[in-house]
Amino acid sequence: MTSIPKNLSSLADYLAFRSQNAFLNLSELQQIHCQILTNDYFHSNSLVTNFLSSCFRSQKPRYALVFLQNLTSPDPSLWNSMIRVSLESGVCPDFLGFYSGMLRNDVLPSKTSFSLILRSCAISGEAQLGEAFHCQIMKMGFEYDMILQTGLLDFYAKVGDLKCAKRVFMGMPRRDVVANNAMISALSKHGYVEEARNLFDNMTERNSCSWNSMITCYCKLGDINSARLMFDCNPVKDVVSWNAIIDGYCKSKQLVAAQELFLLMGSARNSVTWNTMISAYVQCGEFGTAISMFQQMQSENVKPTEVTMVSLLSACAHLGALDMGEWIHGYIRTKRLKIDVVLGNALIDMYCKCGALEAAIDVFHGLSRKNIFCWNSIIVGLGMNGRGEEAIAAFIVMEKEGIKPDGVTFVGILSGCSHSGLLSAGQRYFSEMLGVYGLEPGVEHYGCMVDLLGRAGYLKEALELIRAMPMKPNSMVLGSLLRACQIHKDTKLGEQVTQQLLELDPCDGGNYVFLSNLYASLSRWDDVNTCRKLMIKRGVHKTPGCSSIEVNNIVHEFVAGDTSHPQFTQINAFLDEIAKELKGQGHVPNTANVLHDIEEEEKEGAIRYHSERIAVAFGLMSTPPGKTIRVVKNLRTCSDCHSAMKLISNAFKREIIVRDRKRFHHFRNGSCSCNDYW
DNA sequence: ATAGGGTTAG
Numbered sequence: 001m002t003s004i005p006k007n008l009s010s011l012a013d014y015l016a017f018r019s020q021n022a023f024l025n026l027s028e029l030q031q032i033h034c035q036i037l038t039n040d041y042f043h044s045n046s047l048v049t050n051f052l053s054s055c056f057r058s059q060k061p062r063y064a065l066v067f068l069q070n071l072t073s074p075d076p077s078l079w080n081s082m083i084r085v086s087l088e089s090g091v092c093p094d095f096l097g098f099y100s101g102m103l104r105n106d107v108l109p110s111k112t113s114f115s116l117i118l119r120s121c122a123i124s125g126e127a128q129l130g131e132a133f134h135c136q137i138m139k140m141g142f143e144y145d146m147i148l149q150t151g152l153l154d155f156y157a158k159v160g161d162l163k164c165a166k167r168v169f170m171g172m173p174r175r176d177v178v179a180n181n182a183m184i185s186a187l188s189k190h191g192y193v194e195e196a197r198n199l200f201d202n203m204t205e206r207n208s209c210s211w212n213s214m215i216t217c218y219c220k221l222g223d224i225n226s227a228r229l230m231f232d233c234n235p236v237k238d239v240v241s242w243n244a245i246i247d248g249y250c251k252s253k254q255l256v257a258a259q260e261l262f263l264l265m266g267s268a269r270n271s272v273t274w275n276t277m278i279s280a281y282v283q284c285g286e287f288g289t290a291i292s293m294f295q296q297m298q299s300e301n302v303k304p305t306e307v308t309m310v311s312l313l314s315a316c317a318h319l320g321a322l323d324m325g326e327w328i329h330g331y332i333r334t335k336r337l338k339i340d341v342v343l344g345n346a347l348i349d350m351y352c353k354c355g356a357l358e359a360a361i362d363v364f365h366g367l368s369r370k371n372i373f374c375w376n377s378i379i380v381g382l383g384m385n386g387r388g389e390e391a392i393a394a395f396i397v398m399e400k401e402g403i404k405p406d407g408v409t410f411v412g413i414l415s416g417c418s419h420s421g422l423l424s425a426g427q428r429y430f431s432e433m434l435g436v437y438g439l440e441p442g443v444e445h446y447g448c449m450v451d452l453l454g455r456a457g458y459l460k461e462a463l464e465l466i467r468a469m470p471m472k473p474n475s476m477v478l479g480s481l482l483r484a485c486q487i488h489k490d491t492k493l494g495e496q497v498t499q500q501l502l503e504l505d506p507c508d509g510g511n512y513v514f515l516s517n518l519y520a521s522l523s524r525w526d527d528v529n530t531c532r533k534l535m536i537k538r539g540v541h542k543t544p545g546c547s548s549i550e551v552n553n554i555v556h557e558f559v560a561g562d563t564s565h566p567q568f569t570q571i572n573a574f575l576d577e578i579a580k581e582l583k584g585q586g587h588v589p590n591t592a593n594v595l596h597d598i599e600e601e602e603k604e605g606a607i608r609y610h611s612e613r614i615a616v617a618f619g620l621m622s623t624p625p626g627k628t629i630r631v632v633k634n635l636r637t638c639s640d641c642h643s644a645m646k647l648i649s650n651a652f653k654r655e656i657i658v659r660d661r662k663r664f665h666h667f668r669n670g671s672c673s674c675n676d677y678w
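655 is the number that UniProt numbering gives to position 655 of the first sequence; each next residue is one higher, with no gaps.
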């Protein structure tokens, strides 16, 4: 390491260089601190600002506070720099700490200090705190100038307090473009397009931001045509205008139009443009396209950001692509991207949905701040993976930390109880929702309860609950009941429910298959035929079962009956070998039996097994012994495959994790984490 | 001052 320069200008250069390329450790920060103090630092505000910013970039914001507390100057400008730096860095904007630090050190906050603090409150959504500061500003008797007023206006606009925003706006003696623009965005946030448009039309001066605000305003309302008109009329188009209209097309599901504009932009695209497109593809389920867009983005030297990572992680979560998810996590670390609540949540969700619970828990504990999303993701994830008790334990800790649960939290808790068979706990939490937490149960919570009761065999109670519901049952609720009928072999009720379900959701192929299987189990072949014909008549197709497995960073997909995999012959031979092995262990295959599986796949061509079995066979033959096999399936796994998997996990001494449509099965040593209860 | 991101039951 080179020694730290002594004179001010080379110290500044050194600092800029070091802090950009590496984390500064504490001793290096201390040495630089000493150098600054031995120099005439009062005349080098920019150097100090640079130093403070280095502290933040090196993730040692507390050292910045140490630095400031050693100053004796009553001048608030360095403190203001600190707040500004903290705002820019986005790491723990502890503006409240800085404010009290100023007071503790007898530094009188200036008007600028308050403006900055208001911005911090606006960005972090601290509505109450910001209002308190507003009162403080009035008490201190500051003269209201444009900057302060615009700050207040922006604060109220950002926290969504339209009334106060209007009051500040009206009270302004003069309104410049900035103020008008802030007001437009406040109005647009509440959907008042006409008022916003009025203001816009009456403005004497408009800049690109004014136009862009109107574009997003129309986009938010779904009026893409008016948005496009604004875009076309905008004489000062910039990247933001393009990005806004592209996002507008994406949000209204017109990806072709979005792609067209995207291509037109050429090299004018920035990272936001790419992120917009990538997230749009992820949201449409076109994960492959999203990933190749990411590669293209890199080849065009546009820096991926935290937002890019969030979208990609979401794609991994859907695909169950753990290897790629881990690669992204590594990328985040090497590029030192900031793991904030949103990115943290995306990581937690990805690991949970890939069945890597320990990794999810590690990320969760590593977050310095956790919001309701993070808690919900870990609670839902634990429940989904059959760890209901731990989900409840997490819920209890969450409460202790003062985070208020919401509807999603209860979906996680209740479904977790259901997956783990915790009947009484589930019932208790359901009743506490309204009684203790003041949350009105929604149809999704009733759905969870029907599932919980039904699985435990309380079919009558489940039916009563559906009758007593304040809303109409949807297909999820009836589907839960149906599943319970199937498990507990109540064919009579099952038939009734299926009929209802068919009326409610005539396009869901799974329902027809269930009904057909139900009739078959009663040997009512005429009804089986009628049902099949009805399916054909209505043009309903059953989603084919599809399982994927990631081997050496390549996702292999298997569909029953599809022989296109290059190693088809070897896989098929290996499947026979497995079947022999299973037979030796006393497993009686029941694939010829159409009785009990809602979503049994067609047994076509040369492949006689469900897709998950093929994927597992491929995994066994192409990965080293002892490696965990992870398979993702789009439908629910059938009971025959389920019992086969248990035996395979034992015979081949492998942990097999199958994520089916609804939950995880962790097969190990001949048993499954779901306790055969799914 | 304007653009891009996350959790939900069968």
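Where hints are given, some of them may not hold.
Stated by the list, open to error - Listed below are the simulated DSSO-like cross-link pairs for lysine-lysine, each with C-alpha atoms no more than 27 Å apart in a straight line:
| id | residue 1 | residue 2 |
| --- | --- | --- |
| 1 | Lys139 | Lys189 |
| 2 | Lys237 | Lys253 |
| 3 | Lys189 | Lys166 |
| 4 | Lys237 | Lys251 |
| 5 | Lys251 | Lys220 |
Hints are computed from structural coordinates only; laboratory data are not their basis.
Hints, one by one, checked against the model:
1. Lys139 x Lys189: violated, 30 Å
2. Lys237 x Lys253: holds, 23 Å
3. Lys189 x Lys166: Distance ~13 Å between Lys189 and Lys166 Cα, so the pair holds.
4. Lys237 x Lys251: holds, 21 Å
5. Lys251 x Lys220: holds, 9 Å
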